[in-house]
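Peer 1: Generate the whole structure from the sequences, applying the supplied hints.
Going down the list, the protein sequences come from chains A and B.
Taking the UniProt record's numbering, I'd label the letters of the first sequence as residues 1 to 459.
Taking the UniProt record's numbering, I'd label the letters of the second sequence as residues 1 to 459.
No lab work stands behind these hints: they were computed from the structure.
These numbers were taken from a predicted model, which means no experiment stands behind them.
Watch out, some of these pointers could steer you wrong.
Copies of the same chain look alike in the list, so a pair counts if it works inside one copy or between any two.
[Said to hold, decoys possible] List of simulated lysine-lysine pairs, DSBU-like, C-alpha gap at most 35 Å:
#, residue 1, residue 2
1, 249, 137
2, 344, 286
3, 3, 59
4, 295, 249
5, 286, 367
6, 432, 137
7, 206, 257
8, 137, 382
9, 432, 249
10, 2, 295
11, 415, 215
12, 382, 436
13, 125, 137
14, 25, 286
15, 177, 367
16, 257, 347
2 protein chains.
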Amino acid sequence: MKKQEVVIIGAGLVGSLLSIYMSKKGHAVTIYERRNDMRTETVEAGRSINLALSDRGIKALKEVGIIDDILGIAIPMHGRYIHTAEGIHAFQPYGKTGEFINSVSRYELNCRLMDLAEHHGVSIKFNHKCEDIDWQKNEITFHVGQDELPVVPFSLCFAADGAFSAARLAHMLHHNKFDYNQYYIDCGYKELSIPAGENNSFLLEKNALHIWPRKDYMLIALPNTDGSFTGTLFFPFEGPLSFERLTTKEAVTSFFKTTFPDVVDIIPDLADQFFNNPTSSLVTVKCFPWIRDGKFCLIGDAAHAIVPFFGQGMNAGFEDCSILNTLMDLHGDDWETILSTFQKLRKPDGDAIADLAVNNFVEMRAKTADPNFLLQKKIESKLHERHPDKWIPAYSQVTFHPEIRYSTALANSEKQESIMQMVMALPGIEEKWDSKEVEDLILAQFNSHTNNNTLHKQA
Amino acid sequence: MKKQEVVIIGAGLVGSLLSIYMSKKGHAVTIYERRNDMRTETVEAGRSINLALSDRGIKALKEVGIIDDILGIAIPMHGRYIHTAEGIHAFQPYGKTGEFINSVSRYELNCRLMDLAEHHGVSIKFNHKCEDIDWQKNEITFHVGQDELPVVPFSLCFAADGAFSAARLAHMLHHNKFDYNQYYIDCGYKELSIPAGENNSFLLEKNALHIWPRKDYMLIALPNTDGSFTGTLFFPFEGPLSFERLTTKEAVTSFFKTTFPDVVDIIPDLADQFFNNPTSSLVTVKCFPWIRDGKFCLIGDAAHAIVPFFGQGMNAGFEDCSILNTLMDLHGDDWETILSTFQKLRKPDGDAIADLAVNNFVEMRAKTADPNFLLQKKIESKLHERHPDKWIPAYSQVTFHPEIRYSTALANSEKQESIMQMVMALPGIEEKWDSKEVEDLILAQFNSHTNNNTLHKQA
Chain A
1 MKKQEVVIIG AGLVGSLLSI YMSKKGHAVT IYERRNDMRT ETVEAGRSIN LALSDRGIKA
61 LKEVGIIDDI LGIAIPMHGR YIHTAEGIHA FQPYGKTGEF INSVSRYELN CRLMDLAEHH
121 GVSIKFNHKC EDIDWQKNEI TFHVGQDELP VVPFSLCFAA DGAFSAARLA HMLHHNKFDY
181 NQYYIDCGYK ELSIPAGENN SFLLEKNALH IWPRKDYMLI ALPNTDGSFT GTLFFPFEGP
241 LSFERLTTKE AVTSFFKTTF PDVVDIIPDL ADQFFNNPTS SLVTVKCFPW IRDGKFCLIG
301 DAAHAIVPFF GQGMNAGFED CSILNTLMDL HGDDWETILS TFQKLRKPDG DAIADLAVNN
361 FVEMRAKTAD PNFLLQKKIE SKLHERHPDK WIPAYSQVTF HPEIRYSTAL ANSEKQESIM
421 QMVMALPGIE EKWDSKEVED LILAQFNSHT NNNTLHKQA
Chain B
1 MKKQEVVIIG AGLVGSLLSI YMSKKGHAVT IYERRNDMRT ETVEAGRSIN LALSDRGIKA
61 LKEVGIIDDI LGIAIPMHGR YIHTAEGIHA FQPYGKTGEF INSVSRYELN CRLMDLAEHH
121 GVSIKFNHKC EDIDWQKNEI TFHVGQDELP VVPFSLCFAA DGAFSAARLA HMLHHNKFDY
181 NQYYIDCGYK ELSIPAGENN SFLLEKNALH IWPRKDYMLI ALPNTDGSFT GTLFFPFEGP
241 LSFERLTTKE AVTSFFKTTF PDVVDIIPDL ADQFFNNPTS SLVTVKCFPW IRDGKFCLIG
301 DAAHAIVPFF GQGMNAGFED CSILNTLMDL HGDDWETILS TFQKLRKPDG DAIADLAVNN
361 FVEMRAKTAD PNFLLQKKIE SKLHERHPDK WIPAYSQVTF HPEIRYSTAL ANSEKQESIM
421 QMVMALPGIE EKWDSKEVED LILAQFNSHT NNNTLHKQA
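Peer 2: Quick look at the structure:
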């Protein structure tokens, strides 16, 4: 194998993990990161961000041999813990026993991955902002503090610089047929920290992802290792109940008291946090092509930024790395083939997880408190128990089955949803949901929809 | 009315026309144009481009009092002149008698509009490339040859700099929730000039838009005042028959001999033109928002770039100017209201004409030679004759009815198409297409689809 001088733009989660993969393959890897070294700084208020690490991400971390380093800073979440407006609590397991996702702090994870990257011989240069890329000379111009503009040559470059990728912009602006789509949902988000109780005790159920679904908006909270929870309010930008309208501390407190009464008690400085923490927006990015010849490739959010409602942004990016690794094993030095195959495989999957994530936004905020929806999930869960290889709920396919491609999971979920729509419309379904009649009907429909009676798995 | 210092970016068709409108309203207008003054240059080979000026564009030119200047350089086209693969010719009128579109050279039209703009007191500064816009200071930085970077203040700025608008990029990059979508169709285009015959005679029927529909690709030709025609080949970039594969003069000549035999005879230097003229791509751009406060607005292709298959790109841009003019009359100096109303009205129309144009691409290349399609058009044309206010074919709504909004035309056309699909599936429709039975059926369907039995017109 020919050793490459690999340049990675962005020392975020995907850039750092990718650098470890590339370094283990024997390449010389340098990461250029726009920001300062976050390990030397404290976390910005309201920007702590928790992520849900699940099987696709775990698979990649295992592959590269660093899973034990990471699971040490993760908290298992076995299901959704629903807080209804009526004050009722309900726990919905994510999957079968042993199927769970993991709450992990973006900050801690990123720091750990950078440490591991450097440990694997990767050089990380901070405060290097990608300015432009010369596609003829294969040179990247960076902007460094004090108007330095160093020019870096590359033979192979990965852009892992996130949803607002500067490298993607340089790719786009010098491309004559670049398809590009970015769109924002009508909700923004704001982080609200729920502090730990005495002796770092957890003030909510520890091993769960908490959701307060309220139709047009919702609050969620994920546990941290220190006993605190990171809460996130997803809320419309505009309209009768929106960020635009909540302009005084009184209004915020009163809104929370009415809407999330059990939260007001555990966030003493709620209104202060509300006004001190930034309101952020949520974007989906789809684009094509991701690659340029055999020398440049978008990866992670830079290729496919998605909204966070399936907890798959990071997992999708880590899976990108894993698939790239497989292609390197298959095609050796043939980077034209590696990158074009990567794009061909992953573009439909990137599009699919973007759509799944937007769909799940509707589900999470509007339906997790709806009795019909809960009944539907109960039927599906029972079916899955009885026919574990045939009927896998969409959430499980995406979260616990890395062998099923995102694009296949999307197709499967659309098929399952259309069957369940029909089933939920049956007269008396509330009584007979657990009957053989209903089960047989679903299976007959499922078989008539499917060619080979099994879910399509990843080749 | 308060006199504004208006900056328009781009001296293309829309920028030039807009400058006349603004100047007539009493504002001080300066246009900054990236390129050299085209009036001092000769037309680039393969970049002559003919446009179809129709009623929406004409309405705007009349409003501003320059229609006579323009019609002098236009050639009426009364219908499509179809050249089938079998060598059959057929003429399809565009509308009723007196309804026609006008072939006009982009170059001549643009030169004329710039002359008229200057005549109206507009100052045009050439070789000024928009580099960036400072949205706090309201200043635009331009790049002028020899690395001059003049900074121009503005109180009101219109970006009329086309599909690849630099001003839109400055708007997008400094915006925290900008929806943006650009996508390319799989076909490119190449211009091929058909010279005039002796004494500037026309070698094809003069007053028609010629089409050689061939399913996956097509050739069209529009007349010029000097007897020549500008031909344009719309052709796949990749695939068995594509620009990628036609790599030798022999291959080009042989392809044209087989596919467009009547064209080979009238373009003596066909293969030379094919390789000398550039291959261009076709993009659709949708974005939002178009405006920033009461001081900046995208207009024309910069706001809504579309593919050329409905002949509406320029007409839509001219209509933008006309609607802006109406809003200036209504709202005087209230630019916040003028621009926000403009965006509210025109965004759905820009989206609609973009979709109509892509749909018409399919219709033009695939269907204009299809007997079923021709029969459908014949039925619709007869219906229109008998019920001129009730059934207006989509093409007519878009082309000859500026009082019908694009978004309404799209909704109407979808309704009509679904009715016609049902009608075309009737057994024996070939025989009974002109019967009272069929007419009554269509009208009954139409009425049941429509609330008030008339097409929705523009308020």
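Peer 1: Run every hint past the structure and note whether it holds.
Peer 2: Evaluated hints:
Proximity of residue 249 and residue 137 under a CA criterion of 35 Å is satisfied inter-copy only: 32 Å between copies versus 56 Å inside one chain copy. Taking the shortest Cα distances, residue 344 and residue 286 sit within 35 Å of each other both inside one copy (14 Å) and across copies (26 Å). For a Cα distance limit of 35 Å, the shortest separation of residue 3 from residue 59 inside one copy, 26 Å, qualifies, whereas the shortest one across copies, 65 Å, does not. When the C-alpha separation of residue 295 and residue 249 is checked against a cutoff of 35 Å, the pair qualifies only between copies, where the shortest distance is 33 Å, while the shortest distance within a copy is 53 Å.
When the C-alpha separation of residue 286 and residue 367 is checked against a cutoff of 35 Å, the pair qualifies both within a copy, at 27 Å, and between copies, at 31 Å. Proximity of residue 432 and residue 137 under a CA criterion of 35 Å is satisfied in neither setting, with 69 Å inside one chain copy and 67 Å between copies. With identical chains, the CA atoms of residue 206 and residue 257 are at most 35 Å apart within one copy only, with a shortest distance of 23 Å there and 76 Å across copies. Taking the shortest alpha-carbon separations for residue 137 and residue 382, neither the intra-copy value of 59 Å nor the inter-copy value of 62 Å comes in at or below 35 Å.
Neither within a single protomer nor between protomers do residue 432 and residue 249 lie at most 35 Å apart by alpha-carbon distance, with minima of 49 Å and 73 Å respectively. With identical chains, the CA atoms of residue 2 and residue 295 are at most 35 Å apart within one copy only, with a shortest distance of 14 Å there and 55 Å across copies. Taking the shortest alpha-carbon separations for residue 415 and residue 215, both the intra-copy value of 25 Å and the inter-copy value of 33 Å come in at or below 35 Å. When the C-alpha separation of residue 382 and residue 436 is checked against a cutoff of 35 Å, the pair qualifies only within one copy, where the shortest distance is 12 Å, while the shortest distance between copies is 58 Å.
Taking the shortest alpha-carbon separations for residue 125 and residue 137, both the intra-copy value of 22 Å and the inter-copy value of 34 Å come in at or below 35 Å. Taking identical chains as interchangeable, the C-alpha atoms of residue 25 and residue 286 lie at most 35 Å apart only when both belong to the same chain, with a minimum of 29 Å there against 42 Å between chains. For the identical chains of this complex, residue 177 and residue 367 are inter-copy neighbours only, at 27 Å across copies versus 40 Å inside a copy, given an alpha-carbon limit of 35 Å. Within a single copy, residue 257 and residue 347 get their C-alpha atoms no closer than 44 Å, and across copies no closer than 40 Å, so neither meets the 35 Å cut-off.
Hints 6, 8, 9 and 16, counting from the list given before, are not met by this structure.
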